[in-house]
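Trainee: Each chain is listed here by its residues.
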Amino acid sequence: MNARSAADLAPPALFGAGVLIVWEFVVRGFGVPFVILPAPSVIFLRLIHSIPILAADFVQTIQGVIAGYVIGCGAGVLVAILIDRSQFLQRGLLPLGNLVSALPIVGVAPIMVMWFGFDWQSKAAVVVVMTFFPMLVSAVAGLSSAGAMERDLMKTYGANYGQTLRQLRLPAALPFIFNALKINTTLAMIGAIVAEFFGTPTVGMGFRISTEVGRMSIDMVWATIVVAALTGSLFYGIVALIERRVTFWHASYRQRGA
Amino acid sequence: MLSPLATDGKTDVGARVIDVADLSLSFVTADGPVQALSGIDLAVERGEFISFIGPSGCGKTTLLRAIADLEAPTSGAIRVNGMSPHEARASRAYGYVFQAPALYPWRSVARNIALPLEIMGYPKADRDARVAKGLELVNLTGFGKKFPWQLSGGMQQRASIARALSFDPDLLLMDEPFGALDEIVRDKLNEQLLRLWDVTKKTVLFVTHSIPEAVFLSTRIVVMSPRPGRIHDVIACDFPRNRTLDIRETPEFLEVANRVRHGLREGHSYED
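Those sequence lines, one after another, are chains A and B. Following the numbering used here, the numbering of the first sequence begins with 1 at its first residue and continues without gaps. Following the numbering used here, the numbering of the second sequence begins with 1 at its first residue and continues without gaps.
Simulated from the structure, these hints should not be mistaken for lab results.
Using C-beta positions, here's what the derived DEER-type ranges look like:
| # | chain 1 | residue 1 | chain 2 | residue 2 | range |
| --- | --- | --- | --- | --- | --- |
| 1 | B | P33 | A | G147 | 25 to 31 Å |
| 2 | B | S91 | A | L78 | 33 to 39 Å |
| 3 | B | A180 | A | V226 | 52 to 58 Å |
| 4 | A | R91 | B | N242 | 55 to 61 Å |
| 5 | B | S152 | A | V19 | 43 to 49 Å |
| 6 | A | A7 | B | S91 | 55 to 61 Å |
| 7 | A | R85 | B | E87 | 20 to 26 Å |
| 8 | A | R151 | B | E183 | 27 to 33 Å |
| 9 | A | I81 | B | S24 | 34 to 40 Å |
| 10 | A | L89 | B | E87 | 30 to 36 Å |
Note that beta-carbon positions come from the ideal geometry of N, C-alpha and C, so glycine has one too.
Start from the sequences, fold in the hints, and give me the full structure.
Mentor: Quick look at the structure:
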């Protein structure tokens, strides 16, 4: 298993290293201006020397990401369960959900800052708006995904609504819910960082990017991008790992005779 | 004993398990109502093994589902153990085996068999004992910890039979349970099912497409015809309860099989 995951990791690691080397040579060889594209080595040095600032930014931003993600995804699943029995609510709420999903984040973010203040709470609110409806739509689809025969089976046992929900429809919905959880990791990162463009206490990844661009410290912008990319990938990776554990039975993971 | 279509309207006969009187059922579809069942009369005594056979669209599955309260009749009456199908379902009077195993992939085989017991609120110790007994009954001892997708199709269907029997219902409703399996596995499961029926003394209603399967398993065979679904003939099948697959070579077996085949042919219309 360990040998296999090492073998799985080798191609992307080699590929990534190759990109960095080519990048370094192109920037130095052609004398690309610093503000257009700094060399990877310069970005790396900036990152090493700015760890305390970057760490403070990370802590500030991740609070909004996590709080918004948990509330947005949790509320999405809960509302899906609540409207599950009402065709009327589903027909009314889902198109509204599409509408809200289409709202531009640069419009929502300043409003949330006005409503919830400069600190991470307003960023969490933006993340809630961005993650809630993707989860709602997926969870509603997931809850209706259990097969007719499996439902009839529950009926023959005289199972009530709650038992059918817990033993059949929620487990059957899990692959759908995890899909939304994975998509929402990216949306939450984007939402929290972009929202910081519209007012924060002077800390946070989005704040750092917007101010350092203004000061032409492009290496610091890139260093923040690296932290954001690593955070986003790690976030996604953790959710994907949990998914594997929880929905091990799903056709995409199962191993015959395991 | 084998008098077919006993419909004297009395439901107080002690050993009467199923009583269907003048049952009709039509589905509303986009093209207007479709008559699935028409004028069905049927009485089943305790301990019988009744097979329903007929071409696609003859309503045999619909009849089984109506008895199970999974479909609502348009007119007529059904009594199961003297109760309405709804009351019978609520009192867990029957176990139902579907065309596919319908095991839940997130539950191990043992926990699949325990599913009805969990829903019906059996205590843990009782559940474990019943699951062990169920696994033994269908020759799956040692496979309880496996997941359904790790088993063959035949083993999965056996697990689903164990699940249907786990809460020990007197009545077993089976809708083409072996239809998707190959001939050899099917023969084996037929023999096991017959043993099971003989040992447990349950009443079985069994829907099938296969004439040999129907004749081998049944005490009576209900031949149905389509458009609308009606009972064309009821054929008695008086082989001993502990019959083996060998009887399929006997002239008596072939004679009954021929009667079933004739019945199917007569009932089938070639107009469309």
